[in-house]
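Here is how the chains run, residue by residue.
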Amino acid sequence: MIEVRFFAMLKKLSGTGARQYEVSEPITVLELKQLLKEDMPALSEVLDSRSVLVSVNEEFARDDELVADGDVVGLLPPFSGG
Amino acid sequence: MIEVRFFAMLKKLSGTGARQYEVSEPITVLELKQLLKEDMPALSEVLDSRSVLVSVNEEFARDDELVADGDVVGLLPPFSGG
Amino acid sequence: MSTLIAIQEGPFSVDTLQAEVKKTSKGIGALVSFTGTGRDLSKGVDIKGLDFEHYPGMAEKKLMDIRKRALLNFDIIEMAIIHRVGHIDIGEDIVLIVAASAHRNDAFMACEWAITELKRTTPIWKSETTATGDVWVTDTP
Amino acid sequence: MSTLIAIQEGPFSVDTLQAEVKKTSKGIGALVSFTGTGRDLSKGVDIKGLDFEHYPGMAEKKLMDIRKRALLNFDIIEMAIIHRVGHIDIGEDIVLIVAASAHRNDAFMACEWAITELKRTTPIWKSETTATGDVWVTDTP
Chain A
1 MIEVRFFAML KKLSGTGARQ YEVSEPITVL ELKQLLKEDM PALSEVLDSR
51 SVLVSVNEEF ARDDELVADG DVVGLLPPFS GG
Chain B
1001 MIEVRFFAML KKLSGTGARQ YEVSEPITVL ELKQLLKEDM PALSEVLDSR
1051 SVLVSVNEEF ARDDELVADG DVVGLLPPFS GG
Chain C
2001 MSTLIAIQEG PFSVDTLQAE VKKTSKGIGA LVSFTGTGRD LSKGVDIKGL
2051 DFEHYPGMAE KKLMDIRKRA LLNFDIIEMA IIHRVGHIDI GEDIVLIVAA
2101 SAHRNDAFMA CEWAITELKR TTPIWKSETT ATGDVWVTDT P
Chain D
3001 MSTLIAIQEG PFSVDTLQAE VKKTSKGIGA LVSFTGTGRD LSKGVDIKGL
3051 DFEHYPGMAE KKLMDIRKRA LLNFDIIEMA IIHRVGHIDI GEDIVLIVAA
3101 SAHRNDAFMA CEWAITELKR TTPIWKSETT ATGDVWVTDT P
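Residue numbers (my numbering), protein chains in the order written: chain A, 1 to 82; chain B, 1001 to 1082; chain C, 2001 to 2141; chain D, 3001 to 3141.
Keep in mind that the hints were calculated from the coordinates and are not lab data. Think of the CB as a built atom: it goes at the ideal place given N, C-alpha and C, for glycine as much as any other residue. Where hints are given, some of them may not hold.
Said to hold, decoys possible - Derived pair list, reagent style DSBU-like, types lysine-lysine, alpha-carbon separation capped at 35 Å: (1) C/Lys2048 / D/Lys3119; (2) D/Lys3023 / C/Lys2043; (3) C/Lys2022 / A/Lys12; (4) B/Lys1012 / D/Lys3043; (5) C/Lys2022 / D/Lys3048; (6) D/Lys3061 / C/Lys2068; (7) C/Lys2119 / D/Lys3061; (8) C/Lys2068 / D/Lys3022; (9) C/Lys2119 / D/Lys3026; (10) C/Lys2026 / D/Lys3068; (11) C/Lys2043 / C/Lys2119; (12) D/Lys3043 / C/Lys2026; (13) D/Lys3048 / C/Lys2119; (14) A/Lys11 / C/Lys2022; (15) D/Lys3026 / C/Lys2023; (16) B/Lys1037 / D/Lys3119; (17) C/Lys2048 / D/Lys3043; (18) B/Lys1011 / C/Lys2026; (19) B/Lys1011 / D/Lys3022; (20) C/Lys2061 / D/Lys3068; (21) D/Lys3023 / D/Lys3068; (22) D/Lys3026 / B/Lys1011; (23) C/Lys2061 / A/Lys11; (24) D/Lys3048 / C/Lys2048; (25) C/Lys2048 / D/Lys3026; (26) C/Lys2068 / A/Lys12.
Said to hold, decoys possible - The following residues of chain D were derived to be distant from chain C, with all beta-carbon distances above 10 Å: (27) Gln3018; (28) Gly3038; (29) Leu3041; (30) Asp3051; (31) Lys3061; (32) Glu3112; (33) Val3135.
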C-alpha cells in the first residue's frame, strides 16, 4: 500500500486528506501521478502544472524516483509559510 | 559662562565631570580647546588626536564653530555604545 | 534542541526564545530576530484573518534542516525557529526566527537567509480570509 | 513616540517593544529586531562585566534622529530603540532596535543600518571590566 496525502488546496480539490493505493511492485512518481489523474480527474491540471512538489517519506522526490509499498507520498502545492 | 562637560575616559583624565569658563566674547571651538589644554595639561594629547568630538548644545560642532556665554560644550571620546 | 524548533498553534514569546538561545553560549554578542505578522492587506485586498496548515513531521524536519544548514554556512552560534499553525488574526505573530552570533553581521545574514529558505522549502500553507471567502495563497514574496 | 526611544538602566522586553511598535499600524508584516548582549570575550580578553555611560539629553536626541532618518530613508512603518546604561552583566542585553515594515527586506536593511548608525553617532561609552581592571573601549566594530 502507498499512502498519498493531500494538503491545502489539493485537499479541497481531491475532497480528502489521504488515499491508499495498492501496487504490486515499485512505480515511479510520474506513474503514480498518472494513476492519481485517472482516479481523480480534478487533480489533472495541477499535477501537470509542475507547481505541485512531491515528497516521499517526507523528502522531496523527483518524477523518476521509485515509490514502493509502505511509502508515504505527499502532494505539496506551492508553499506559503512565513 | 561656558560649561564644558567631560565623559568616560575624559572624565577620568580631567578628574571632573564639568568645568565652567568665563569668556568676554564668543570664541571658536579650537580656541576653547587651547584654553582647556592650558588649564588641564592631561587633556593635551587626546584633544590633539582628533579622536575626540566636540558638541555644542548637544549638536556636533567643528573647530571653527563659535561658542558663547550660556553654551554647553561636550568633550566626547570615541563612542562605544551598542 | 527540541525547544529551538517548533510548530505550534499558540502564540510565542521573542523574549523566551532569545533566552533559550542565549543559554547555549556566553559568547553571544548579537541576536537578530525576524517576526512575521498577519497584515491587513495582501496585494491590495483586505484580509480579515489567516489560517495555516502544515505537513506534520515533514515541516518540522525542514525547519531543523534550515537550522543545521545555517549553523554550517554562517558564522553563527545558534538558531531557533517557531512557526504557528491554525487560525491567526490580523496583527498576530506567525513566525519567529532568532539567529545568534558573536558579531552582528553574521546574525543578520543568517536570519534573512533562514526566512527566505523557510518560505521556499517548508511545507506550510496559508489561506487568507477576504470578503469573498477563503483563498489559498500560491505565491509568496 | 517617547516609549519608542529610551535610554534606561533596567532591562527591556523585546515582546513589549514589538507590541508597542505593532500598535502603530495594522499594515506591519515584518518585524526585525537586533539585540546586543554582553559577551564574555572581547578581542581575546576575558570580560567580567560592562558599564555604560551616556551623555543625557544628547544620546536620546541622537537615537530619535536615527529613528527619524530610518523612517525617511527606508520603506519602514516604525522603528524603536532602547539602550541600557549602568552596569551590565555578561549575557545581559544592552541594546534593542526594532524595525517594522510591510515586507521583510526593508525591516532587515533599516535595522542593520540603525545599529551601525547608533555605534557611529550616539554618545554612549562602554567600559569593560577585566582581570586587570576597568578599560574604556575606544574602537567598536
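Now for the hints, and whether the structure bears them out:
1. For the proposed pair C/Lys2048 and D/Lys3119, the alpha carbon gap of about 41 Å is over 35 Å, so the pair is violated.
2. This hinted pair checks out: D/Lys3023 and C/Lys2043 have alpha carbons roughly 22 Å apart, not beyond 35 Å.
3. For the suggested pair C/Lys2022 and A/Lys12, the alpha carbons sit about 43 Å apart, so the restraint of at most 35 Å is broken.
4. About 24 Å separates the Cα atoms of B/Lys1012 and D/Lys3043, which keeps this hinted pair within 35 Å; it holds.
5. About 17 Å separates the Cα atoms of C/Lys2022 and D/Lys3048, which keeps this hinted pair within 35 Å; it holds.
6. Note on D/Lys3061 and C/Lys2068: the hinted pairing is violated, with a Cα-Cα distance of about 42 Å set against a maximum of 35 Å.
7. A distance of roughly 39 Å separates the Cα atoms of C/Lys2119 and D/Lys3061; the hinted pair therefore is violated under the 35 Å criterion.
8. Proposed proximity of C/Lys2068 and D/Lys3022 is supported: the alpha carbons are some 31 Å apart, at most 35 Å.
9. Distance check on the hinted pair: C/Lys2119 and D/Lys3026 sit about 22 Å apart at the alpha-carbon level, within 35 Å; holds.
10. Simply put, C/Lys2026 and D/Lys3068 have alpha-carbon atoms about 34 Å apart, close enough for the 35 Å limit, and the pair holds.
11. Only pairs whose Cα atoms come within 35 Å are accepted, and C/Lys2043 paired with C/Lys2119 is accepted, the gap being roughly 18 Å.
12. In summary, the hint linking D/Lys3043 to C/Lys2026 is supported, as the alpha carbons are separated by about 15 Å, within the 35 Å threshold.
13. For a cut-off of 35 Å, the pair hint linking D/Lys3048 to C/Lys2119 is broken: about 41 Å separates their Cα positions.
14. As the CA atoms of A/Lys11 and C/Lys2022 are separated by approximately 40 Å, the hinted pair breaks the 35 Å bound.
15. For the hint linking D/Lys3026 to C/Lys2023, the alpha-carbon distance of about 34 Å falls within 35 Å, and the restraint holds.
16. For the suggested pair B/Lys1037 and D/Lys3119, the alpha carbons sit about 28 Å apart, so the restraint of at most 35 Å is met.
17. For the suggested pair C/Lys2048 and D/Lys3043, the alpha carbons sit about 51 Å apart, so the restraint of at most 35 Å is broken.
18. For the suggested pair B/Lys1011 and C/Lys2026, the alpha carbons sit about 31 Å apart, so the restraint of at most 35 Å is met.
19. A hinted pair counts as satisfied when its Cα atoms are at most 35 Å apart, and B/Lys1011 with D/Lys3022 does not qualify at roughly 40 Å.
20. Taken as a hint, the C/Lys2061 and D/Lys3068 pair is broken in the structure, with Cα atoms around 42 Å apart against an allowance of 35 Å.
21. Annotation: proposed proximity of D/Lys3023 to D/Lys3068 holds, straight-line Cα distance about 18 Å (limit 35 Å).
22. The straight-line distance between the Cα atoms of D/Lys3026 and B/Lys1011 is roughly 47 Å, outside the 35 Å bound, and the hint therefore fails.
23. A C-alpha spacing of about 22 Å is found between C/Lys2061 and A/Lys11, which places the hinted pair at or below 35 Å, so the restraint holds.
24. About 51 Å separates the Cα atoms of D/Lys3048 and C/Lys2048, which puts this hinted pair outside 35 Å; it is violated.
25. Between the alpha carbons of C/Lys2048 and D/Lys3026 the distance comes to roughly 11 Å, so the proposed pair stays at or under 35 Å and holds.
26. Restraint check: the Cα-Cα separation between C/Lys2068 and A/Lys12 comes to about 34 Å, which is no more than 35 Å; the hinted pair holds.
27. A beta-carbon of chain C comes within 10 Å of the beta-carbon of D/Gln3018; the shortest separation is about 6 Å.
28. Taking the minimum C-beta to C-beta distance to chain C, about 8 Å, the non-interface status of D/Gly3038 is violated against the 10 Å cut.
29. Here D/Leu3041 does not stay apart from chain C, with its beta-carbon only about 6 Å from theirs, under the 10 Å limit.
30. The Cβ of D/Asp3051 lies farther than 10 Å from every Cβ of chain C, with a closest approach of about 16 Å, so its non-interface assignment holds.
31. In this structure D/Lys3061 is separated from chain C by more than 10 Å, as the shortest Cβ-Cβ distance comes to about 24 Å.
32. A beta-carbon of chain C comes within 10 Å of the beta-carbon of D/Glu3112; the shortest separation is about 5 Å.
33. Every C-beta of chain C lies more than 10 Å from that of D/Val3135, the closest at about 17 Å, which supports listing it as non-interface.
Checked against the numbered hints above, the structure breaks hints 1, 3, 6, 7, 13, 14, 17, 19, 20, 22, 24, 27, 28, 29, 32 and satisfies the rest.
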